[in-house]
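Position in the sequence shown counted from 1, then plus 647, gives you the numbering used here.
By construction, these hints were calculated from the structure, which means they are not laboratory data. Do not take every clue at face value.
Derived pair list, reagent style SDA-like, types lysine to any residue, alpha-carbon separation capped at 20 Å [what the hints assert, rightly or not]:
(1) Lys705 to Ile741
(2) Lys705 to Ile679
(3) Lys701 to Gly746
(4) Lys701 to Pro787
(5) Lys705 to Met723
(6) Lys701 to Ile716
(7) Lys701 to Leu754
(8) Lys705 to Val721
(9) Lys705 to Val751
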Amino acid sequence: MYCPRCGQQQASEETRFCSRCRFLMQGMRDVIENGGLPRDIVDQADPYASSPRKRGLKQGGLLMLSSMILVPLVAMLTLIIDAEPFAIAITAIITFWGGFLRIVYALLFQSGVPTTQDLSFVESVRRDLTGKTGTPQALPPQQSEPIPGSYAPPAGEWKETNELQPTSVTEETTRTLDQRDILK
648 MYCPRCGQQQ ASEETRFCSR CRFLMQGMRD VIENGGLPRD IVDQADPYAS SPRKRGLKQG
708 GLLMLSSMIL VPLVAMLTLI IDAEPFAIAI TAIITFWGGF LRIVYALLFQ SGVPTTQDLS
768 FVESVRRDLT GKTGTPQALP PQQSEPIPGS YAPPAGEWKE TNELQPTSVT EETTRTLDQR
828 DILK
């Protein structure tokens, strides 16, 4: 197992802390076994989960019920402003018939199986991590050439940090002032 923070290979699977960066490794084994998710998310199952069909029926019913409130309100508004009654027809069509069509769609095309969180990707990640099936993912091949004439440092001209001289904006001024004090 490798540390997710610094990449250090761990001596054993039961390591509690990374020896390099001190990252807490205690639950990482469970995360790897569950395809990158903590155990409590994978084990979480909603007993009150509703099916897409049930949600569609609720949405359609609420839309149809909203027509009982919206159509009279729009009718009163058109009487108050003395407008053409086409807004009433549009409101009735959208709310009542839209709700009816939503119910029909839910009954005909949507699944009646209750759904929880979609964790289907966990199996593919688990297979990739364990290597039991499939080929490992790889980077695509290089698609461009490096810029010609790009600078690469010549070999053997590296300096050790002890050889580097510190430089700052005020160093030269300080040296000049020190030399003036010596001359006085």
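Going through the hints against the structure:
Of the pairs offered as hints, the one joining Lys705 and Ile741 holds, with about 16 Å between alpha carbons and a cut-off of 20 Å not exceeded. A hinted pair counts as satisfied when its Cα atoms are at most 20 Å apart, and Lys705 with Ile679 does not qualify at roughly 39 Å. Distance restraint check for Lys701 and Gly746: the Cα-Cα separation of roughly 14 Å lies within the 20 Å cut-off, and the hinted pair is therefore satisfied. Taking the CA atoms of Lys701 and Pro787, the gap is near 44 Å; set against the 20 Å cutoff, the hint is violated.
Annotation: proposed proximity of Lys705 to Met723 is violated, straight-line Cα distance about 28 Å (limit 20 Å). A distance of roughly 23 Å separates the Cα atoms of Lys701 and Ile716; the hinted pair therefore is violated under the 20 Å criterion. Between the alpha carbons of Lys701 and Leu754 the distance comes to roughly 9 Å, so the proposed pair stays at or under 20 Å and holds. For the suggested pair Lys705 and Val721, the alpha carbons sit about 24 Å apart, so the restraint of at most 20 Å is broken.
For the given pair, Lys705 sits about 12 Å from Val751 by alpha-carbon distance, which is consistent with the 20 Å threshold.
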